[in-house]
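J.: Take a look at the letters that make up each chain.
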Amino acid sequence: MRARFTDKAAPAVALIAATLLLGACAAEEDEPTRPAAEGSETASCHKDHLPLHEEGVLTIATDKPAFEPWFVDNDPTNGKGFESAVAYALAEEMGFTEDEVEWVVEPFNKSYAPGPKDYDFDINQISITEKREQAVDFSEGYYDVNQALVAKKGTPIADANSLDAVADYRLGAQVGTTSYAYITQYVQPGEQPFTYDTTNDAKSALNAGQIDGIVVDLPTAFYISAVEIPGSAVVGQFPTQGETEQFGLLFEEGNPLVDCVDEALARLRDDGTLADIQDRWLSQAVRAPVLE
Amino acid sequence: MLGDRRAALVSTASTVVFFTLVAVALALAPGSRAVAEDFFSWEAMKEAFSGTETTPSVAGAFLLNVRIFLVAEVLILVLALVIAVVRMTPGPVFAPLRLVAVAYTDLFRGIPLLLVVYVMGFGVPGLEIRGISDQSPVVLGGAALVLSYSAYVAEVYRAGIESVHESQVAAARSLGLSRRQSLRYVVLPQAVRRVIPPLLNDFISLQKDTALIAVLGPIEAARAASIYGADRFNYSSFVVAALLFVALTIPLARFTDGLVARDRRRRRGGALA
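Top line first, the protein sequences correspond to chains A and B. Numbering follows our numbering, with no gaps: position 211 of the first sequence is 211. When you read off a place in the second sequence, starting at 1, and then add 292, the result is the number in our numbering.
So that you can see chain A by itself, here it is in the shape it has in the complex (with noise of 0.2 Å):
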């Protein structure tokens, strides 16, 4: 019955669908080939040799909002923010200046989606996984990352101390994210887990009282707590499983740039910029309680 009714409606949903893929199926054809280069080293990095988006300008994309305490003020521009104070040290150290770095906006859901990119790379707190990368191509990882729990003080949630006793309760979390995908795997609630186009939905139902907790990254859950939502706390941290999480810069699949930034990115490492730049901005995320 269902294969039947599939064999009939399949080609008018395909036509449909088809015709409006058309124009993107067509620019895959003109997708840049893997650099078979990968010898030549510092020299083909040099800014006047990148494969850019446009010339002469590093174009960089993030989610609009664009939240702290990875971008300051909602504008990715003023330098401020873990992830801005991090394009700016790669672009500078690409040979950019300030003013040949653009901002455009690409919403996270979209971005690990595959297809070509309207910008150099995205960064945004896009956790590097294995499915992601058969999408997109990710930088080395620029910061390791755990998941952990906001709550609000006072609700029987904010006791849990374990993984076992988190799982008693509604949680949420941004749809399509390593936070979801956490809890269904590793948490596995009792109630189905809640899912929010934005973290910023999420919040909003924290504040309703329509989820006891929201799952999110360490660095996000401290500023939830301390700024936006009054009488929230983080919970605490949740173990890693399997490999470290970590966030990578995202780049359409199979552009050559990727070898260039991450030469750029091992050089922020290894003079100590990066962890310069994480201790500024994201300092108070070191301790939080692990909850086995």
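If you're looking for bench data, these hints aren't it; they were derived computationally from the structure. Keep in mind that this is a model prediction, so the values were computed, not measured. Virtual Cβ for every residue (Gly too), placed ideally from N, Cα, C. Among these hints, one or two may not hold up.
[Said to hold, decoys possible] So the derived list for chain A, only partly shown, Cβ under 8 Å to chain B, looks like this:
(1) Asn109
(2) Ser111
(3) Pro114
(4) Pro116
(5) Lys131
(6) Gln134
(7) Ala135
(8) Tyr169
(9) Gly172
(10) Val175
(11) Gly176
(12) Thr184
(13) Gly209
[What the hints assert, rightly or not] Short derived list, chain B residues pointing at chain A, Cβ under 8 Å:
(14) Pro382
(15) Pro384
(16) Pro388
(17) Phe414
(18) Leu419
(19) Leu508
(20) Pro510
(21) Ile511
(22) Ala522
(23) Phe525
Fit chain B to the given chain A structure using the hints.
T.: For chain B alone, coordinates are given in the frame of chain A:
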């Protein structure tokens, strides 16, 4: 007769040629294979339908849409009728009631449904009204649907009521029926029957808008599909959700067609009301 056959031949031929051309154009499109894989993968569709370890079942989530729809539909039918009747109440004493009804329809038809959902879902709990504010997001979101759609449906009812000729009321009154009785036994039965097709139109729309409740957190079909899409980079899950919605709509449309046809037969048969 010969002309008929010729017309049938031409229409068949042109249909075949048209769809062949479309199919060839699609097959030759550079991305057609990718689209087939990303949107119409049978394996992915099965997975999305029944759910995986990390993604909820689209079919299971669709039950939430159906439940919201069924409850909301009944409430809308009642609330909208009340609004429509209030709006058409004669007499100067009822002026404030009419004003409220007019204001209600203007307001809720004017506000984008998504905003009503947000205000109900995240705003109303802040009021801390016992019994209302502590309702689940599904209930609050459903209430938003009822508020908004009642405004539309009230106008559909009103159009139906106004389409009943005044002579019908005059005749009812002259038979000794009160104003209320003539509304109940003469005007409304005819009015409602006439507006069944437009009512259905609104309800199909309502079925689809149940997906908006996802912004408040509950996982319904469209959201379950997008979770699958985000997890696997395969969007066949959206096709699954789309087919489920269509599968719900089509029987409803045929049912209404049947209802209208039966009604027409009855009236032809002379059996009124």
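J.: For each hint, tell me whether it holds in the structure or not.
T.: Okay, the hints, checked on the actual structure:
no.: 1; hint: Asn109; verdict: holds (6 Å)
no.: 2; hint: Ser111; verdict: violated (11 Å)
no.: 3; hint: Pro114; verdict: holds (6 Å)
no.: 4; hint: Pro116; verdict: violated (12 Å)
no.: 5; hint: Lys131; verdict: holds (7 Å)
no.: 6; hint: Gln134; verdict: holds (6 Å)
no.: 7; hint: Ala135; verdict: holds (5 Å)
no.: 8; hint: Tyr169; verdict: violated (14 Å)
no.: 9; hint: Gly172; verdict: holds (6 Å)
no.: 10; hint: Val175; verdict: holds (6 Å)
no.: 11; hint: Gly176; verdict: holds (3 Å)
no.: 12; hint: Thr184; verdict: holds (5 Å)
no.: 13; hint: Gly209; verdict: holds (6 Å)
no.: 14; hint: Pro382; verdict: violated (43 Å)
no.: 15; hint: Pro384; verdict: violated (43 Å)
no.: 16; hint: Pro388; verdict: violated (33 Å)
no.: 17; hint: Phe414; verdict: holds (4 Å)
no.: 18; hint: Leu419; verdict: violated (10 Å)
no.: 19; hint: Leu508; verdict: holds (7 Å)
no.: 20; hint: Pro510; verdict: holds (7 Å)
no.: 21; hint: Ile511; verdict: holds (6 Å)
no.: 22; hint: Ala522; verdict: holds (3 Å)
no.: 23; hint: Phe525; verdict: holds (5 Å)
Going through the hint list in order, the structure does not satisfy hints 2, 4, 8, 14, 15, 16 and 18.
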